[in-house]
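Participant: These are the residues of each chain, in order.
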Amino acid sequence: MTNPPATTPPAKAAPPAQAAPATVPRLATDALTAWYGGVSGVRDVTLACRENTVTALIGPSGCGKSTLLRSLNRMHELVPGARVAGRVLLDGYDIYDTGINPVQVRRRIGMVFQRPTPFPTMTIAENVAAGLAVGPPIARAERDRVIEHSLRRAALWDEVKDRLHDSPMNLSGGQQQRLCVARTVAPEPEVILLDEPTASLDPAGTAHIEELVQELKREFTVVIVTHNLQQAGRVSDVTAFFYLGELIEVGPTSRMFTAPQKPQTEAYITGRFG
Amino acid sequence: MRGRLARRLIGSTMTGVTYGAAALAILPLAVIFIMLLVKGAGSLDLNFFIKSAVPVGELGGGFAHAIVGTLIIVGLACLIGVPIGVATGIFLAEFGGGRFGFTVRFVADVLNGVPSIVIGIFAWTWLVKPMGHFSALAGGFALGMILVPIVARTTEEMVRLVPNSLREAALALGYPRWRTSLQVVVRSVAAGIVTGCLVAVARVAGETAPLLFTALGNQFFSTRLLGPMAALPLQIYAYALGPYDEWHRQAWAGALVLIVLVLALSLIARAVVRAKRQHA
Numbered sequence: 001m002t003n004p005p006a007t008t009p010p011a012k013a014a015p016p017a018q019a020a021p022a023t024v025p026r027l028a029t030d031a032l033t034a035w036y037g038g039v040s041g042v043r044d045v046t047l048a049c050r051e052n053t054v055t056a057l058i059g060p061s062g063c064g065k066s067t068l069l070r071s072l073n074r075m076h077e078l079v080p081g082a083r084v085a086g087r088v089l090l091d092g093y094d095i096y097d098t099g100i101n102p103v104q105v106r107r108r109i110g111m112v113f114q115r116p117t118p119f120p121t122m123t124i125a126e127n128v129a130a131g132l133a134v135g136p137p138i139a140r141a142e143r144d145r146v147i148e149h150s151l152r153r154a155a156l157w158d159e160v161k162d163r164l165h166d167s168p169m170n171l172s173g174g175q176q177q178r179l180c181v182a183r184t185v186a187p188e189p190e191v192i193l194l195d196e197p198t199a200s201l202d203p204a205g206t207a208h209i210e211e212l213v214q215e216l217k218r219e220f221t222v223v224i225v226t227h228n229l230q231q232a233g234r235v236s237d238v239t240a241f242f243y244l245g246e247l248i249e250v251g252p253t254s255r256m257f258t259a260p261q262k263p264q265t266e267a268y269i270t271g272r273f274g
Numbered sequence: 001m002r003g004r005l006a007r008r009l010i011g012s013t014m015t016g017v018t019y020g021a022a023a024l025a026i027l028p029l030a031v032i033f034i035m036l037l038v039k040g041a042g043s044l045d046l047n048f049f050i051k052s053a054v055p056v057g058e059l060g061g062g063f064a065h066a067i068v069g070t071l072i073i074v075g076l077a078c079l080i081g082v083p084i085g086v087a088t089g090i091f092l093a094e095f096g097g098g099r100f101g102f103t104v105r106f107v108a109d110v111l112n113g114v115p116s117i118v119i120g121i122f123a124w125t126w127l128v129k130p131m132g133h134f135s136a137l138a139g140g141f142a143l144g145m146i147l148v149p150i151v152a153r154t155t156e157e158m159v160r161l162v163p164n165s166l167r168e169a170a171l172a173l174g175y176p177r178w179r180t181s182l183q184v185v186v187r188s189v190a191a192g193i194v195t196g197c198l199v200a201v202a203r204v205a206g207e208t209a210p211l212l213f214t215a216l217g218n219q220f221f222s223t224r225l226l227g228p229m230a231a232l233p234l235q236i237y238a239y240a241l242g243p244y245d246e247w248h249r250q251a252w253a254g255a256l257v258l259i260v261l262v263l264a265l266s267l268i269a270r271a272v273v274r275a276k277r278q279h280a
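Protein chains in written order, with this note's numbering: chain A, 1 to 274; chain B, 1 to 280.
Misleading hints may appear alongside valid ones.
To be verified - Distance ranges between label pairs, derived from CB positions:
id, chain 1, residue 1, chain 2, residue 2, range
1, A, Lys161, B, Leu27, 55 to 65 Å
2, B, Phe100, A, Gly271, 26 to 36 Å
3, A, Thr270, B, Arg160, 27 to 37 Å
4, B, Phe102, A, Ser254, 24 to 34 Å
5, B, Asn112, A, Ala48, 31 to 41 Å
6, A, Gly271, B, Ser12, 48 to 58 Å
7, B, Thr103, A, Ala141, 31 to 41 Å
8, B, Ala190, A, Asn170, 14 to 24 Å
9, A, Asn228, B, Leu27, 36 to 46 Å
10, B, Ala190, A, Arg145, 50 to 60 Å
11, A, Val39, B, Trp126, 24 to 34 Å
What the hints assert, rightly or not - Which chain B residues stay away from chain A? Per the calculated CB distances, all over 12 Å, these:
id, residue
12, Leu46
13, Glu58
14, Gly97
15, Val104
16, Val114
17, Arg167
18, Leu173
19, Gln183
20, Arg249
Stated by the list, open to error - With the Cβ distance kept under 10 Å, some of the chain B side facing chain A (calculated, not the full set):
id, residue
21, Val184
22, Arg187
23, Ala238
Think of the hints as simulated: they come from the structure by calculation, not from any bench. In this text, a Cβ means the ideal position worked out from N, Cα and C, and glycines have one as well.
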């Protein structure tokens, strides 16, 4: 992490960027429960994600993995009637603590969604810099440097370097999704959340994004929700299996796929139910 | 074989009926436009556009005072009505889920149905009577009041069209709610909002009743906002009811100019949408 913490630190102590000791996981949850009105989407989840790892959340539809992901960057509470209990710890500091501004949290935990959503009225360059517009003021030259760096990290620079001021709507789905990744990494968040990022892409686009995830983990901590078991096996270091709102089992990906300990995990992984 | 023929016949007949209904719908506009062209185009000359009313019996008068008056009053109406209407529409679409939003929406719908002469009386009571004189300002205010609920509803419809995924993408970047609404959501439907405004303006440009006791009308060329001012619909009304043929001629011409103005605004609205769509 090379960035200073957010310029308007929360009322409670701001998590210092470099001071987190190696034993504190970058992102962790503690007995996290998230409700939609009266129904709980995910219950009592305690999970830890170490720095520079990729954690995959897998499970059948409706198991709560997306709900959990959205609780990690305080997007869940935007749904009317939604509620969260428990803690989510970024470098050991609870992001749900009173006095913490959710807008600031979302600048440190970025998210890429299932469908690519470039902003249609902005150019490609403006899209990448969109996250910078809400951060500290930045000089023009520095902004251009960040745009190029982010597009390179998203493996999109070579394809768009000649049309930075064109509309992003002419890009392919895979390119648009990589643009969204570039947009997410530009403000240098600490964690990147990916919500089924390849669900709407063709195999070539999917392959690009999966390569990207491996690159991204060198600088960020990544949590990815995926419906695709093979994808989880390919890209992640740690896999967490969810079923009906509960965390059933979590462990290193290689072990989860070869020697799962819970029967439900084994049943899901061997395809007995989907 | 007979079944197939009957099916084809019924199909063709129904298609024909729908085409006929569409033609019937366009017919009134076509007839009005042609009639105005025939009756009014002959009276359009340079004098019509640059001279104001002249005493009866003299020739060479025009509607300049009315045309400029309409432009000023409609301009005032836009200044008053468009910002309030657009802001209300954005509010309703972005934050209008609760009871307050429901109330605002209901009131806007009711206001949309209030007869324009009632709006005129309202403006008379609250502006003309206290000020002690008729004014273009009161006329602009009355027209602005008619604009607000129309623009609010069309703006709300446009902003609602923005997919939620776009809002979520901005929020996930750490955009606060207000910035998401203004910089991301509204920007993406700006063309549609402008179109809605233009269509609403085209509608109020032709309103006569609210101007009857607010702007009143004026025989002379005036740009004073605090005094009575001429307007196209008012002038057409006055001249059409008069006994002189010269006045009737000019009334036809005035009506033609008014409908061309409305048509021009609507065409510009469509052009804006097409340009934005191609640009994107």
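Participant: Determine for every hint whether it applies to the structure shown.
Facilitator: Hints, one by one, checked against the model:
| no. | hint | result |
| --- | --- | --- |
| 1 | Lys161(A) / Leu27(B): 55 to 65 Å | holds (57 Å) |
| 2 | Phe100(B) / Gly271(A): 26 to 36 Å | violated (51 Å) |
| 3 | Thr270(A) / Arg160(B): 27 to 37 Å | violated (45 Å) |
| 4 | Phe102(B) / Ser254(A): 24 to 34 Å | violated (55 Å) |
| 5 | Asn112(B) / Ala48(A): 31 to 41 Å | violated (57 Å) |
| 6 | Gly271(A) / Ser12(B): 48 to 58 Å | holds (55 Å) |
| 7 | Thr103(B) / Ala141(A): 31 to 41 Å | violated (51 Å) |
| 8 | Ala190(B) / Asn170(A): 14 to 24 Å | holds (20 Å) |
| 9 | Asn228(A) / Leu27(B): 36 to 46 Å | violated (59 Å) |
| 10 | Ala190(B) / Arg145(A): 50 to 60 Å | violated (30 Å) |
| 11 | Val39(A) / Trp126(B): 24 to 34 Å | violated (51 Å) |
| 12 | Leu46 | holds (44 Å) |
| 13 | Glu58 | holds (56 Å) |
| 14 | Gly97 | violated (7 Å) |
| 15 | Val104 | holds (18 Å) |
| 16 | Val114 | holds (33 Å) |
| 17 | Arg167 | violated (9 Å) |
| 18 | Leu173 | violated (4 Å) |
| 19 | Gln183 | violated (8 Å) |
| 20 | Arg249 | holds (49 Å) |
| 21 | Val184 | holds (6 Å) |
| 22 | Arg187 | holds (5 Å) |
| 23 | Ala238 | violated (47 Å) |
Taken one by one, the earlier hints fail for this structure at numbers 2, 3, 4, 5, 7, 9, 10, 11, 14, 17, 18, 19, 23, listed in ascending order.
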